[in-house]
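Chains A and B, in that order, are what the protein sequence lines are.
The numbering used here numbers the first residue of the first sequence as 1 and each following residue consecutively.
The numbering used here numbers the first residue of the second sequence as 1 and each following residue consecutively.
Since the hints were derived computationally from the structure, they do not count as laboratory data.
Don't be surprised by glycine CBs; every beta carbon is placed ideally from N, CA and C.
Watch out, some of these pointers could steer you wrong.
[To be verified] Footprint (simulated), chain A over chain B, 3 or more residues, beta carbon under 8 Å:
1) 47-56
2) 151-158
[To be verified] Straight-line alpha carbon distances no greater than 27 Å define the calculated BS3-like cross-link-like pairs of lysine-lysine that follow:
3) B:K151 <-> A:K107
4) A:K86 <-> B:K171
5) B:K171 <-> B:K112
6) A:K107 <-> B:K112
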Amino acid sequence: MIWRGSVTVVAILLLASLPALFAQTVREEGSIRLPAGVFVAPPPGRVNFSAVVSRNAGLLATNFNDNIVRVWALPSGELVHDLDTKADPATKLRLSDDGRLLAIAAKSGTIKVWDIASWGVGQEFAVSSPARVLAISPDNRLLAIATDHDEQIWELPTKKRLAVLHTPFDCYCLMYLAFSADGTMLASTDGDTAIRIYDSHTGALRSTASDLLLESLALDFSSDGKSLFVGGPDQIISVIDTLTGKFRYTFPKQSSTLRGMVASDDGKQIAAIYNLPKRFDDASTSVVLLWDVGTRAVRGRFEQPGIAVLGVAFAHGRLLLVGGSDNKLSIWSMQ
Amino acid sequence: MFTRRAILHRCLALGSLSVASSFSAEAMFAAFQDRETHPRKPTPPNSLGPFYKRLAPTTATLRAPGDPGLPLSLSGQVLDTRGDVLPDATVEIWQTDHFGYYDAEGYRYRGKLPVDASGQYKVETVMPGHYPDHSRVCQHIHYLVTAPGHKTLVTELYFATDPTFEGDPQKNFSRDPVIRTPELIRPVLLAGEPEAIHAAVSFELCLERL
């Protein structure tokens with residue numbers, strides 16, 4: 001009887017502590033009604049569908065099914081700029097962390113880096129095949145471009161190519177590139193499932209994480225650059241030592257593919273986007289988990305049926321989420 | 001000693017070779033020599049992922065007894081662009097099950113196998129399903145082919161019977177945005193009794209020398 005009573009007390013205490021564990025406030029901050037005929041979900045057969053959020057959570061850039069790149073202010077959802085790319089359709093977008101630059105890769109193989117304030121092209125690059133992935137260093141000095149055949153690091157102010165990094169094979173397979181917070185390292189998810197970490201300025205290989213069995217779709221450095229968070233179809237966030245390339249630890253496994261991830265600037269939290277379907281790029285329902293890095297416990301959860309979360313960013317002590325369905329985008333904050 | 005080009009000129013002069021083209025004889029000779037040196041076009045590459053999984057088991061039998069789906073025999077030969085057989089090649093294959101799902105937990109419908117002395121491979125599997133998201137991604141099987149001294153080939157095999165092509169893959173291949181060339185779409189042979197029907201597809205793989 002004492003035992004059964006103790007269990008009851010423990011159960012009541014656990015239930016009482018749940019609101020504390022998920023002490024989150026989700027609020028809709030703004031919404032965007034897209035022009036008629038423009039849809040959030042990629043229509044069947046379309047690949048150049050893109051939506052990116054700047055790390056400072058100030059801007060959202062989108063490229064949906066009308067080949068118009070739009071830049072929106074967050075969290076208001078106000079349209080800042082738009083650009084018709086029908087003549088040379090945009091294939092990939094990347095905003096700089098501070099939201100000052102927008103890199104647009106086009107089908108022709110050109111990459112234009114736009115200055116958002118003046119809406120002028122700062123630099124233009126050409127590569128042999130359409131860029132598959134882009135990354136801008138946090139200090140806005142470096143641009144990393146992944147093509148079907150290689151990865152290239154360019155210095156933006158001088159337009160000098162600093163390094164060409166050779167991928168394991170031609171496979172249209174590189175999924176993600178990320179610079180460390182100090183801009184000294186570039187991490188790439190390569191087709192052979194390895195994660196390679198390079199010196200951003202010389203292209204020298206610093207370390208290789210080769211223990212992963214599946215490809216990774218998302219990665220981000222810890223703020224001190226000592227750890228790299230990676231995840232993908234394995235449904236696990238793995239933490240890799242950037243010096244040795246060895247696993248340090250993993251987060252609890254989930255039941256769906258992880259396809260996006262960002263670490264907070266203080267390194268204490270990770271927001272990870274999981275897709276409910278098993279197709280990694282299908283934009284239907286997503287789940288966002290807010291992880292506590294110290295305890296590896298879930299501290300917040302966002303899920304709305306039919307809503308695809310396109311991007312997340314930490315700013316001003318909260319997590320900003322951008323997602324939507326059909327013809328509408330919404331901006332939520334999670335406190 | 002005559003060069004190949006000189007022999008061709010001599011043949012042309014003596015009437016044992018005729019050139020019926022709007023291009024010059026020199027241009028046609030260059031193309032002729034190139035085709036002699038590289039008689040085969042390398043198999044076009046295609047997307048790897050994102051569900052490639054390292055350390056697949058060595059097996060030619062991906063289909064287990066009772067597995068749902070149309071039994072499929074895949075076969076082919078691995079060659080280089082000069083037409084030489086590559087007996088040291090390894091073919092790695094992965095695909096979805098009949099319902100369109102990859103096995104990320106284990107190694108169902110994943111396997112690699114060495115080719116035989118004549119560069120041949122044969123795999124028993126099932127026809128892969130469409131992805132369950134109703135996208136236009138066609139049924140496909142992933143290949144990763146390696147051979148010493150040759151460029152690794154990552155590609156995909158598609159099926160001419162896929163409904164997306166509406167029976168005309170030459171015309172409709174680009175309905176799947178990942179397919180850049182109809183060369184990767186292969187005809188399907190149906191065989192057996194109606195109650196025990198099975199499909200067979202041949203897919204030759206041509207690697208470039210390093």
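*asked:* Against the 27 Å threshold, does the CA-CA distance of K86 (chain A) and K171 (chain B) hold or violate the hint?
replied: Given pair K86 (chain A), K171 (chain B) holds - Cα atoms ~23 Å apart, limit 27 Å.
_chain A over the segment 47-56 of chain B, status - at least 3 residues with CB closer than 8 Å_ = n = 9 at 8 Å, threshold three: holds.
*Three-residue Cβ test at 8 Å for the coverage of the segment 151-158 of chain B by chain A*: holds (count 4)
_Just to be careful, I want the Cα atoms of K171 (chain B) and K112 (chain B) compared with a cutoff of 27 Å; is the pair within it?_
violated (33 Å)
*Taking 27 Å as the top limit, are the C-alpha atoms of K151 (chain B) and K107 (chain A) close enough?*
holds (26 Å)
*27 Å Cα cutoff - pair K107 (chain A), K112 (chain B)*: Between K107 (chain A) and K112 (chain B) the Cα gap is close to 35 Å, so the pair fails against 27 Å, i.e. violated.
When the structure is compared with the earlier hints, violations turn up for hints 5 and 6 and for no others.
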